[in-house]
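Below, each chain spelled out in residue letters.
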Amino acid sequence: MDSSSSSQPEFDYLFKLLLIGDSGVGKSSLLLRFTSDSFDDLSPTIGVDFKVKMVTIGGKKLKLAIWDTAGQERFRTLTSSYYRGAQGIIMVYDVTRRETFSNLADVWAKEIDLYSTNQDCIKMLVGNKVDKESERVVTKKEGIDFAREYGCLFLECSAKTRVNVEQCFEELVLKILDTPSLLAEGSAGVERNIFKQKPPQADASTSSCC
Amino acid sequence: MVRGFVTANGMEKKRTSDEFEPGPIPPSQPVDRFGFIKQEQNSPDGITKSRPANEHEREERRIRKWRKMIGVGGSDWKHYVRRKPHVVKRRIRKGIPDCLRGLVWQLISGSRDLLLMNPGVYERHGPGQRSLYNVLKAYSVYDRDVGYVQGMGFLAGLLLLYMSEEDAFWLLVALLKGAVHAPMEGLYLAGLPLVQQYLFQFEQLVKEHLPKLGQHFSEEMISPSMYASQWFITVFSYSFPFSLALRIWDVFLYEGVKVVFKVGLALLRFCHDGLIKLPFEKLIHALRNFPEDAMNPDTLLPLAFSIKVSKRLEELKQEYEKRNVASLQQTGSANRQQLAIKDKEFSIRPETSNCVPKDDSSR
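Just so you know, the protein sequences line up as chains C and G, in that order.
The opening position of the first sequence corresponds to residue 1 in full-length UniProt numbering, with each subsequent residue numbered one higher.
The opening position of the second sequence corresponds to residue 1 in full-length UniProt numbering, with each subsequent residue numbered one higher.
The following block holds chain G by itself, in its conformation from the complex (with noise of 0.2 Å):
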């Protein structure tokens, strides 16, 4: 397992992806079981403290359905979700068990039929290169239209804590090139098409959803742009407590980006009182810096879920992008990078392409 190599205090703050310097975790201090150092006692997520009896044993009873559902290897996986997708939806929502994690995350975003079809593409680099350094390079040298973009190696981290560096790469792959879902890389690409989309899509959506919240941010002049770039380019791995980051992305590999519009949602909604009374400056902080009980996964995740975006998400793309062919035909200077990622298939680069699968899973 890589998992030491995030010892700083979460990910909240600590860490460089330019300048990685993983260090081996100091033997004296107490860490939790994702291999951080605890900062205070008394945990928030309560993840550390002892469980009574009875819920350990519906965890094992969890852990054992949860098992034959996925089968030996991931081998029932694609059979039980074509059956019971709802099953494993709900149950997904639930939150998978850890100790499962790793695996589960890899049969949903699709990447482990891109590993298995694609034998010795990932190649490792030097022995002494560390596991982030090397994911992340081994990516900017696969895609070199993506490159290396800073806020990738916070996703990079979160999966090197649940799987090999190899399966990492592949996941990020998955991910940025849609194997499953829509692709990723408009986050990442030159002009980063995808997050003024993103940005454009929820700024209408609050005002939707909260109305009166969206008006006191347009008086504000509060721009989504100013918070929540970093909910998209990390997928809540920037600023978020571990362990509810964890959870969003379990249904994120599950169901897609729509989540992070739920749970951007949930917390405006969770926080809507306090905000809408806030002016500029306080505001800003106050989207950057949520409350601890905004951020618990028991209740921001269940009242995420009960926001409907899907639907308007799709209507609000294509009206993004009609507004972009006007305003791009308006200016004459056709950006052909934006319309090129949206026509763009799921294509890898040619050498593997006949290897990737587009559509062939079983949702």
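So here's chain C without its partners, still in its complex pose (with noise of 0.2 Å):
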């Protein structure tokens, strides 16, 4: 990535992919156990965070621009103007919190046909700290069916123990490269249109009509 000065493409497609889910199920946790191969005590995230990760997946070089968000309901009117030009959401629930599964139907879901503009966009629903597993309230099974209803791929992980981390980023993105509308959206060529997004305006500017 740091050799960007060349004049060749730095990768075959670039994809933005967002992390959604209630606070404290492990979203950053994820996200930085995937970029830097690292576990620590991180603090709630406030608005939004970012980061970039390269990698090679079915033979194409990627570049994954990945959107963090705040968890806390409060923080919603921050965070949901990113589900824009996403290719791939990531819901992350905890598997020891219950309500934390629950409100995948009552708000998650929900949020992503309020605000997600993509049609074809994948989803992938990630049940995170399988590590606690003599704390697990919720089942396997029962995540495999509420992803079948909602029609998203699945996976366990845990963060700490990095367990299938890589994996579910793997598994979205090969589904994204398996989509032909997608694809053109995400091609090196188009960087412009998807990798950047208009930025979420406040209220008032957003709706001007004059």
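Some hints could be false.
Said to hold, decoys possible - Keeping only pairs whose Cα atoms sit at most 25 Å apart, straight-line, the calculated SDA-like set for lysine to any residue is:
hint, chain 1, residue 1, chain 2, residue 2
1, C, Lys51, G, Glu292
2, C, Lys61, C, Pro180
3, C, Lys51, G, Ile276
4, G, Lys282, C, Glu166
5, G, Lys38, C, Ser38
6, G, Lys137, C, Arg76
7, G, Lys207, C, Thr117
Simulated from the structure, these hints should not be mistaken for lab results.
Since each chain comes alone in its own frame, lean on the hints to assemble the complex.
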């Protein structure tokens, strides 16, 4: 990524991914594990965070631009505009906290319907914290059923032990690579259109008509 | 003192306000005067280094001046501020002596008055519960509209290093309800209306003060919501060096939120020539990870103070409100919350509202 001065495009495709889910389920930890292979006690995300990761998947050089969002309801006003243009959305819950799972249907799936602009956008359901097996309250079967009903991919993982973390992103990206409309958006040539998004504006300025 | 509760390496990264688990300071690790574990031997802020003798004397003189200004338990403060507001301002901008910071913060925020006039309103919860949880819980019960919002923990944590739970609670009340300055509660209420307003104002100020950078930001589609929300929501206590955060808080409590704009602009100005060359993704990273020399309070703050924003802030606020009202009328869905907040005078729940000063402070 640092050799960006070369005129050769440094990647074949660029995809925009988004992490959503309740506060404390481990979205930022998942991202930290994926991008820097480390684990830490993180403070809550205020607003949004952003990381880039270069990967080679399915023989393609890919640049993943990943937006991480604050989970607390109050921040949705700041996070909702980041759904726009995402090719992949990862919905995270905590297998040891039931309400983080029930909020997927009550809150997060609705948020996607409301704010995602991409018809073909790939959704991935991720149950985190499987390292705490003894505290588990959401079964794998429930996760699978939810994923089937809502048309998502599904994996359980642990950002702490790194189990399945890379697979989460890999499976999501493979599916994006499999979807012609998303692939077209992610081609290196049209970077400007998808990598950046129209910056979220205060309510005032978004609805200007005259 | 509750100082030991932040034992991780600084405010920067390590705290989860959700599941707050304060631990005792591990005895073997050296800590700085704030109770933080030292990360490196030569800490960049230099506060742990031994100082030359004359500097020590100067510091002593400074403290004596401050003590005189404050009086016993703050008794002379108001009088002094009324007589010599400019001296007070100048001294605060040089940094409040650390040993007096807790008291002075309470004096300049107006929380001292709130505490004195509301005896017994603040109540401790269970004895085993910890300070931060106590203060945040107390606040969320006290003000159910705001409740608990992530980010408030950073404010409370900072305050608890310098004062008791009860004092910190009242200081939070003073800030959010606007005892001295404009109320901050809009930063945390549903819809985060004040965050939206501040981001709008900040974006405009960047365009006006740093036109080239503003242009670069719009070309790269960088909006302040990507980097500055946390500056406002936590008043720089989220990811900035602690020594810098304290210096900003000295001024913030006395002069209000405009210092957040000033410091934000100063950071951008300081790093201007580097930032202007960066593409989107590197910009985002840079705007969340300023270099150490940019965050030296003794260079950053004078730069910040040299940037004038008060007048434009007021104009931009009116512009924002005008646009907001217009867009509300357009969509036909009156956002009651935003209007309500705008018009809201300092109001505390009925049982205490009669005891709360609106503007009796001498400034």
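Structure-based check of each hint:
Using a Cα cut-off of 25 Å, the hinted pair lysine 51 of chain C and glutamate 292 of chain G holds, with the two alpha carbons roughly 21 Å apart. The straight-line distance between the Cα atoms of lysine 61 of chain C and proline 180 of chain C is roughly 17 Å, inside the 25 Å bound, and the hint therefore holds. Using a Cα cut-off of 25 Å, the hinted pair lysine 51 of chain C and isoleucine 276 of chain G holds, with the two alpha carbons roughly 20 Å apart. Proposed proximity of lysine 282 of chain G and glutamate 166 of chain C is supported: the alpha carbons are some 23 Å apart, at most 25 Å.
Of the supplied pair hints, the one linking lysine 38 of chain G and serine 38 of chain C holds, its CA atoms being roughly 22 Å apart against a limit of 25 Å. Among the hinted pairs, lysine 137 of chain G with arginine 76 of chain C is consistent with the structure: their alpha-carbon atoms are about 22 Å apart, no more than 25 Å. The straight-line distance between the Cα atoms of lysine 207 of chain G and threonine 117 of chain C is roughly 29 Å, outside the 25 Å bound, and the hint therefore fails.
Hint check: a violation occurs at hint 7 only; the rest are consistent with the structure.
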